[in-house]
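Those protein sequence lines, which keep their order, are chains W and D. Using numbering that gives the first Met the number 0, the letters of the first sequence map in sequence onto residues 0 to 293. Using numbering that gives the first Met the number 0, the letters of the second sequence map in sequence onto residues 0 to 326.
In short, the hints are calculated from the structure, not lab data. No false leads were slipped in.
Straight-line distance between alpha carbons at most 25 Å, and here's what the computed SDA-like set of lysine to any residue pairs gives:
hint	chain 1	residue 1	chain 2	residue 2
1	D	K157	W	R103
2	D	K157	W	P114
3	W	K209	W	E219
4	D	K157	W	R138
5	D	K44	W	G141
6	D	K157	W	A140
7	W	K209	D	L55
8	D	K44	W	F165
9	D	K157	W	R112
10	D	K228	W	D109
11	D	K157	W	L139
12	D	K157	W	D61
13	D	K157	W	E59
14	D	K157	W	W62
15	D	K157	W	G141
Owing to the predicted nature of the structure, the values given are computational and were not obtained by experimental measurement.
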Amino acid sequence: MAATVDVADLACLEDAARRIRVGVIRGVNQAKAGHLGGPLSAADILAALYFQVMRIRPDEPDWPDRDRFVLSKGHSSIGLYAALALRGYFPVEELLTFDSLGSRLQGHPDMTRLPGLDMSTGSLGMGISAGIGIALGCRLAGRDARTFVMLGDGECQEGEVWEAAFLASRYGLDKLIVIVDYNKLQQYGWPGEEPDDRLPPAWPGELAAKWSAFGWRVLEVDGHDMAAVVRVLEQATAGDGRPVAIIADTIKGRGVSFMEGRYYWHTRTLTADEFATAMAELGEPVTNPAGGAA
Amino acid sequence: MTLPMGRAMRDVFGQTVTELAGLDPRIVMLDADTASSTKADIFAKAYPDRFLEMGLAEQNMLGVAAGLATTGFVPFVSTFVAFVVVRPLDQIRVLIAQTGLNVKICGGYAGLFTGVAGKTHLIVDDLPIMRAMPGMVTVAPGDDVEAEQVLRWAASYKGPVYIRLVRDATQRLFDETYVFAPGRAVVVRDGGDVTLVSTGTQTPRVVDAADLLAARGIAAHVLHVPTLKPLDVPAIVAAADRTRMVVTVEEGTVIGGLGGAVSETLSEHRPTLVKRIGLQDVYGESASNSELLELYGLSAARVADQVQALLEARTTPGHASHAIPLP
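Next comes chain D alone, as it looks inside the complex:
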């Protein structure tokens, strides 16, 4: 059994921010010539006066957003992650993070799903970069329901936020009763054999992996961490306490992102064996979404197989290196 499909997150982005703009005249949208891809064009049609086309000049765009914020507007800055995070990084650091100005940085085409664009557009390290930046709230919603709530929350929060948004339709993780709480992780499956920690739209695939593991007699505990910063340390420690092994799974590099954050947290608060599934210090490439998920071991089946193998290795005599280091 697999989770059903939800709406494409980019459609949710365009529709939700447009709806918010109807309620809050301070909201403006800044675009770097990708509105037809990110669906910021929905906003452009509804509120042409508050849609500010910045052209192909992303460093300037982030600076313009900072200036607008000082005059009381709430800029949502939108283009692909490659161009809204990595290219204008110093502008984000100096003008937005250091100032704490009220700018919402919306990174479209996040993760592996870049419409076969390949290595330049497939950013593997946005979460490590943004969560390392002092003052930057970093959120990776798990599905369309959560993305909509994250956008609504971000509009109400005063300060810089990075929101990681996926291009294509992804699986539906939550029903309409779900309530996103910033800085809080969510247990989405209960189990006692192994703890799986995931973020963003990888989580639905991890839930599917948990179902596959259940069929093999393995009860996985699944913790979804939408907010990379501030991190829900108590929830991560509690999830680690449930089982004797933690596996992080993320659609990005394992260095410094969710895997890094969980490892940092547990080595400080509750030393626990942590295994990190994700991109192993490599860049992406052009291929279909499903091919990329297979290649990097992030499909539900590949996650389940890796987790099962890790558990078997841990319980097999002669694999002492997997013994849990006790404090």
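Isolated chain W, as found in the complex:
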């Protein structure tokens, strides 16, 4: 079992997650477009991966033995971009070019433009298949690399996810680790009791049962408890012959009170007041235009 994180490192990781959230809000606010709820729910996991768990070299993005990350829920791109920028893959200021003409930071990740992206994604259900190919390739080439794939819970409605789930299990790809961002909301979904309520894409326990039924080793975690997230990712990399699915219990819009648990913040632009409130809640002075790199 890998070592757990000490208190100082934990504080650094939590601050990295906070700065990812600041980058998300700034990038989307600048573009006046993009997704908010999904990147915010994923921020803690992205911080744990890029700042603690993954073996990567930001100054050598194509390092053949690196761990890989595929954002299958590609619409949360701004969250990944913020993590990459803060980790040193490119200048944090570039986050403000998100979605603009000629930018390397496309609405959905484009590996042909931005170093550090291990796959282009954006059409849901595909990233996990590519992750299988990467894991198979690393195994065939004798590389010790791990492949992490983040799926949305709504994305698990795509049939391709279950084609992939079957195949990864058949090949015993235990260096393939899927993280399902179980934030319990999708873009529109099905109506709940109240006008602004929505049913979750999957019921409690449903995802664990499904991945388990497909032969995966299933781990569950509070996706906003940094120590627990790091611990579960390290547990996941100790392979037992089965691919691993981590069901991460998260809150859509996490970190900004008025976005949390609100389906309509999947994509939405912020008013000036909302932007200021969000920045204040994230502990970031709005005078810093670069998204909190300091």
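Given the coordinates of chain W, work out where chain D should sit on it, guided by the hints.
Using the frame of chain W, we list chain D on its own:
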């Protein structure tokens, strides 16, 4: 006189990719449970570790191929056209064409020869779909000799390629001295009365049709276009310049495929009367190969008859609608 028969293209596929894998350890074969039909099983027996059975899950298969390509492998993805092009089309678009990853998409059972499988397996529009996709090299070899060379070239080329392969033995178009050049069309018959443009394994039948026409005093110029994209525009314009009428012939829909490509090219570069022989906006059905060729007007005799009729109509007074529109 008709052209002789060659080897079945699927046998060429299985043998050639297996041979290439012996030379290049990066080559892997992905199959969707059709290896015994596509002859990818030859590869499976020779290199079991590099043969990756994807099961009946074709969308996933194309995604796996993309992932493998990022790790330096060269995936040949193989199943029937219906399942390697049409079903996983979005995966091809997003993960392979948009990324430019080094994946070879090998569509077996192309064209009319699907072993009587009928409409679900008989894909009439793979060439229009693939040539319309930015970044996708699209090749339809004319015979076994060319298919082998196309596969060898594809293995050496870095980027996505779609290769259209026919199930059954087809006629031999080229001898061993032939050299396939990607993006280049080939004049296979010289003539001055009418230009016939063809692709894939329809070309040998068009050559036979040219021989039938010659016996009737009509000298047909035959241009074989194995690469639908990138298209050999100068060769098509030059072939059109040879005669006053162009007829395209293809084993698929006339909409957007070779007929579409030639029409687009000539209307832009050299406005010329173009007639398109092929499937006229219809799906296929179950029948023997020869019956289907007759049904859709693609046998040598039917092609010759249609071309002769078009020429006669053009030269008959009162058929002004066939006059060549001049720029």
